[in-house]
Amino acid sequence: MTVDRSFRRFLVVGFLAAMLVAVVVSQFASSDPDGLEYVVEDEGFIDQAREHDLADTALADYGDGFTGNSALDTTVAGLVGVTVTAVVGWGLFRLVRHRHLDRAT
Amino acid sequence: MHIPDGVINATTSAGFGAVAAGGFGLAVRRTRDTLNDRQVPMAALTAAFVFAAQMVNFPVIAGMSGHLLGGVLAAVLVGPAAGMLVITVVLVVQALVFADGGLTALGLNIVNMGVVGAIGGYVVYRVLRRVLPDRPGTVATAAGIAAFVSVPLAAMGFVIQFAIGGTADVSLGAVLTAMLGTHVLIGIGEGVITGLVVGAVMTSRPDVVPGVRPRAAVEV
Chain A
1 MTVDRSFRRF LVVGFLAAML VAVVVSQFAS SDPDGLEYVV EDEGFIDQAR
51 EHDLADTALA DYGDGFTGNS ALDTTVAGLV GVTVTAVVGW GLFRLVRHRH
101 LDRAT
Chain B
1 MHIPDGVINA TTSAGFGAVA AGGFGLAVRR TRDTLNDRQV PMAALTAAFV
51 FAAQMVNFPV IAGMSGHLLG GVLAAVLVGP AAGMLVITVV LVVQALVFAD
101 GGLTALGLNI VNMGVVGAIG GYVVYRVLRR VLPDRPGTVA TAAGIAAFVS
151 VPLAAMGFVI QFAIGGTADV SLGAVLTAML GTHVLIGIGE GVITGLVVGA
201 VMTSRPDVVP GVRPRAAVEV
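From first to last, the protein sequence lines stand for chains A and B.
Count the first sequence with the working numbering and you get residues 1 to 105, in order.
Count the second sequence with the working numbering and you get residues 1 to 220, in order.
Please keep in mind that the hints were generated in silico from the structure rather than gathered at the bench.
Built from N, CA and C at the ideal position, the CB exists for glycine as well.
One thing to keep in mind: the hints can contain errors.
Cβ-Cβ distance ranges computed for the label pairs, FRET-style [claimed, not checked]:
1) B:185 with A:13: 28 to 36 angstroms
2) A:24 with B:135: 27 to 35 angstroms
3) A:79 with B:134: 23 to 31 angstroms
Using the sequences and the hints given, assemble the complete structure.
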């Protein structure tokens with residue numbers, strides 16, 4: 001691997017920054033609907049939206065109601081979400097890259 | 001910006017699911033040929049960061065918030081094809097783990113944010129890079145402006161999907177006006193965040209950003 005130490009440090013700092021955003025900054029996020037949801041509500045067709053098929057799973061709606069403490073819910077969602085996204089992303093890109101190496105040999 | 005199930009009919013959703021799958025396949029093929037060793041962890045980190053940033057809804061107008069889409073951010077940091085894959089990973093995790101964005105609407109959302117947002121926004125970024133003077137800050141400035149434009153572009157994706165298969169009897173003109181008006185405002189936040197993050201990466205590790213000439217890399 002050509003991943004040198006300073007690049008590794010960059011990756012660690014970046015990952016910690018992502019965690020900081022997901023766990024701490026997210027505590028201050030607005031709970032108002034985002035643009036699309038706002039328009040769908042405002043134009044009067046929010047009733048068309050079905051409940052999510054996985055609405056009853058543990059971390060649905062970013063852990064809302066998971067622990068009964070909304071700050072803790074958001075913390076769990078942030079920790080799990082950043083970790084899972086990084087692992088799935090790493091796995092996918094490793095796989096894609098691996099196929100490239102296979103072809104090259 | 002995540003479309004729930006039911007707002008766009010099943011046939012249209014399935015059609016866009018096929019478009020998203022085709023785009024995913026093309027992006028994998030292209031990424032396979034262009035990705036280097038460093039970009040594997042870089043792309044994973046970008047996905048994690050975009051997920052994190054999307055958790056932070058910022059207030060826009062009374063009663064409405066916005067959040068980063070991250071398409072241009074990802075495309076600038078890892079290239080357009082890998083950027084599309086980054087957004088797809090984020091959307092899949094959000095839909096499957098956090099029940100955010102409908103399962104049948106996944107294709108619609110991947111097309112809007114991953115294809116239109118990331119790749120469409122990247123085209124704007126490339127044009128700006130060519131037009132703007134080649135100074136150290138240009139990469140971040142071009143990324144910020146392209147990110148701003150990418151949000152109403154992605155919103156137009158939804159308007160087109162609504163025109164094809166919207167389940168509500170609402171005038172298309174009203175949806176178009178409302179989507180554009182709100183997402184131009186959200187785009188300002190997208191542009192600021194993208195410009196700041198790309199600027200921070202350009203300051204610390206310009207060599208990881210694709211399409212940045214070595215001269216610019218040693219300047220900082």
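Quick rundown of the hints versus the structure:
| no. | hint | result |
| --- | --- | --- |
| 1 | B:185 with A:13: 28 to 36 angstroms | holds (32 angstroms) |
| 2 | A:24 with B:135: 27 to 35 angstroms | holds (34 angstroms) |
| 3 | A:79 with B:134: 23 to 31 angstroms | violated (41 angstroms) |
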